[in-house]
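Turn these sequences into a full structure, and let the hints steer you where they fit.
Chains as they are written, first to last, in my numbering: chain D, 1 to 112; chain C, 1 to 116.
In short, the hints are calculated from the structure, not lab data.
It is possible that part of the hints are untrue.
Stated by the list, open to error - The calculated DSS-like cross-link candidates involving lysine-lysine, where the alpha carbons are at most 27 Å apart (straight line), are:
| id | chain 1 | residue 1 | chain 2 | residue 2 |
| --- | --- | --- | --- | --- |
| 1 | C | 9 | C | 53 |
| 2 | C | 36 | D | 42 |
| 3 | D | 2 | C | 36 |
| 4 | D | 2 | D | 56 |
| 5 | C | 40 | D | 2 |
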Amino acid sequence: QKEVEQNSGPLSVPEGAIASLNCTYSDRGSQSFFWYRQYSGKSPELIMFIYSNGDKEDGRFTAQLNKASQYVSLLIRDSQPSDSATYLCAVISYNQGGKLIFGQGTELSVKP
Amino acid sequence: DTEVTQTPKHLVMGMTNKKSLKCEQHMGHRAMYWYKQKAKKPPELMFVYSYEKLSINESVPSRFSPECPNSSLLNLHLHALQPEDSALYLCASSRQVDSGGAYEQYFGPGTRLTVT
Numbered sequence: 001q002k003e004v005e006q007n008s009g010p011l012s013v014p015e016g017a018i019a020s021l022n023c024t025y026s027d028r029g030s031q032s033f034f035w036y037r038q039y040s041g042k043s044p045e046l047i048m049f050i051y052s053n054g055d056k057e058d059g060r061f062t063a064q065l066n067k068a069s070q071y072v073s074l075l076i077r078d079s080q081p082s083d084s085a086t087y088l089c090a091v092i093s094y095n096q097g098g099k100l101i102f103g104q105g106t107e108l109s110v111k112p
Numbered sequence: 001d002t003e004v005t006q007t008p009k010h011l012v013m014g015m016t017n018k019k020s021l022k023c024e025q026h027m028g029h030r031a032m033y034w035y036k037q038k039a040k041k042p043p044e045l046m047f048v049y050s051y052e053k054l055s056i057n058e059s060v061p062s063r064f065s066p067e068c069p070n071s072s073l074l075n076l077h078l079h080a081l082q083p084e085d086s087a088l089y090l091c092a093s094s095r096q097v098d099s100g101g102a103y104e105q106y107f108g109p110g111t112r113l114t115v116t
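This is the structure in structure tokens:
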């Protein structure tokens, strides 16, 4: 089992729809969870972080964390073509001395 | 301000060359990182510096040599690289490294390295 798992996609949604990106993790001791957006040829950009169970909203982005189910998700409301990118889920591993463990990334395509 | 800068943006080097990548942050962060990223893959951790001391080396070949001259600067010295080392090299920083801590990592724009 991979430490952090994401659907690789591509996930295709129409403009204006809600995009839902999902991530599961195996280290039950993990406390810190991050979503990075990476455009092709660019570096990862931190867009959301969440440390407590529940929802955290920032503009059109909502991160959701369920530690009991070891599940974290990212919702993007009113998706725009400019949201088309790869989204990386990352978790700080308690078992590995604070290393940031990435999922393989989900490619999102928002169609006009 | 969450800016991490990296130079150069692009680097082409032969297998016998010696070159260095540079990274700088002025956020007062005490942890700095080097990652390597290949196309369609997530970043792969290479080194971690915590309070200017090397704390993690992910069994990286000795042809990669990191250096942290001070809390704001991080270098990666390259020597006798192989074509398979061609990749995007990313620097990142965070307030600290702590297995229980909640410290966001911010990435620089990266250096696109091509080894010929």
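Mind listing which of the numbered hints don't hold for this structure, in increasing order?
No numbers; nothing is violated.
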